[in-house]
Amino acid sequence: DTAVSQTPKYLVTQMGNDKSIKCEQNLGHDTMYWYKQDSKKFLKIMFSYNNKELIINETVPNRFSPKSPDKAHLNLHINSLELGDSAVYFCASSQGSGGARSIQYFGAGTRLSVL
Amino acid sequence: DQQVKQNSPSLSVQEGRISILNCDYTNSMFDYFLWYKKYPAEGPTFLISISSIKDKNEDGRFTVFLNKSAKHLSLHIVPSQPGDSAVYFCAATPNTGNQFYFGTGTSLTVIP
Numbered sequence: 001d002t003a004v005s006q007t008p009k010y011l012v013t014q015m016g017n018d019k020s021i022k023c024e025q026n027l028g029h030d031t032m033y034w035y036k037q038d039s040k041k042f043l044k045i046m047f048s049y050n051n052k053e054l055i056i057n058e059t060v061p062n063r064f065s066p067k068s069p070d071k072a073h074l075n076l077h078i079n080s081l082e083l084g085d086s087a088v089y090f091c092a093s094s095q096g097s098g099g100a101r102s103i104q105y106f107g108a109g110t111r112l113s114v115l
Numbered sequence: 001d002q003q004v005k006q007n008s009p010s011l012s013v014q015e016g017r018i019s020i021l022n023c024d025y026t027n028s029m030f031d032y033f034l035w036y037k038k039y040p041a042e043g044p045t046f047l048i049s050i051s052s053i054k055d056k057n058e059d060g061r062f063t064v065f066l067n068k069s070a071k072h073l074s075l076h077i078v079p080s081q082p083g084d085s086a087v088y089f090c091a092a093t094p095n096t097g098n099q100f101y102f103g104t105g106t107s108l109t110v111i112p
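In order, the protein sequence lines correspond to chains Z and C.
For what it's worth, our numbering labels the leading residue of the first sequence as 1, then goes sequentially.
For what it's worth, our numbering labels the leading residue of the second sequence as 1, then goes sequentially.
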């Protein structure tokens, strides 16, 4: 049973489209995250939610909107997709923050290709 | 500004020998450090961590060393096995907040 699952695994779409990536965790964690891994393989945090509340919002275009319907889910919606949005997006979760609680568990990633 | 740096993008080691992966950080507020392992087409997997109150943590073949004065940590894998071939990321988190900073990764190849 996958602990952190995200769908779809691959997403190919045209510029200007709107798309969503879903993430679910069955670990009972309070905190969830979205990361972007760019072409240089750098993992950068985008958003973090704790118990459905946004706690980290890095410098991300407002075309990206996270939605957390409950603490087990954190979906990422992207409007008006651009070529530069092509990347691998990872969802992660942790118990919380501080010490071992901050250990994050990752999904397998969603490879987004914008044509 | 890259607060966690892994200056070696790749490393090759013979099977059975020791692999040493290095990581440097700049923020003195970091108090918990982690290593993740990543295979292609998979998400990063947690490997081992260390708190800033310790200087060493060991788990089987994996040992992490922390030198706070030098703001440096390293991961030792001994003996190295072909299955250890992957990209290794170090990460750090401060004592408050949920911010998490990853290094750029080191690709380890263990040669049989």
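In short, the hints are calculated from the structure, not lab data.
Misleading hints may appear alongside valid ones.
Said to hold, decoys possible - Pairs of lysine-lysine residues, derived as DSSO-like cross-links and limited to a Cα-Cα distance of at most 27 angstroms, are as follows:
#1 C:Lys54 with C:Lys71
#2 C:Lys54 with Z:Lys36
#3 Z:Lys36 with C:Lys71
Stated by the list, open to error - Computed list of chain Z residues with no C-beta within reach of chain C, every gap over 12 angstroms:
#4 Gln37
#5 Lys52
#6 Asp70
#7 Gly84
#8 Ser97
No residue lacks a Cβ here, since even glycine has one placed at the ideal position from N, Cα and C.
These are the hints, each one checked on the structure:
1. With a C-alpha separation of about 13 angstroms, the suggested pair Lys54 of chain C and Lys71 of chain C falls inside the 27 angstroms cut-off, and the hint holds.
2. For the hint pairing Lys54 of chain C with Lys36 of chain Z, the CA-to-CA distance comes to about 31 angstroms; that exceeds 27 angstroms, so the pair is violated.
3. This hinted pair checks out: Lys36 of chain Z and Lys71 of chain C have alpha carbons roughly 26 angstroms apart, not beyond 27 angstroms.
4. Separation of Gln37 of chain Z from chain C is inadequate, the least Cβ-Cβ distance of about 9 angstroms not exceeding the 12 angstroms criterion.
5. No Cβ of chain C comes within 12 angstroms of the Cβ of Lys52 of chain Z; the nearest lies about 14 angstroms off, and the non-interface call holds.
6. The claim that Asp70 of chain Z is not at the interface with chain C holds, since no C-beta of that chain comes within 12 angstroms of its own (minimum 18 angstroms).
7. Against the 12 angstroms criterion, Gly84 of chain Z stays outside the reach of chain C, whose nearest CB is about 19 angstroms from its own CB.
8. The non-interface label for Ser97 of chain Z is inconsistent with chain C: the shortest C-beta to C-beta separation is roughly 5 angstroms, within 12 angstroms.
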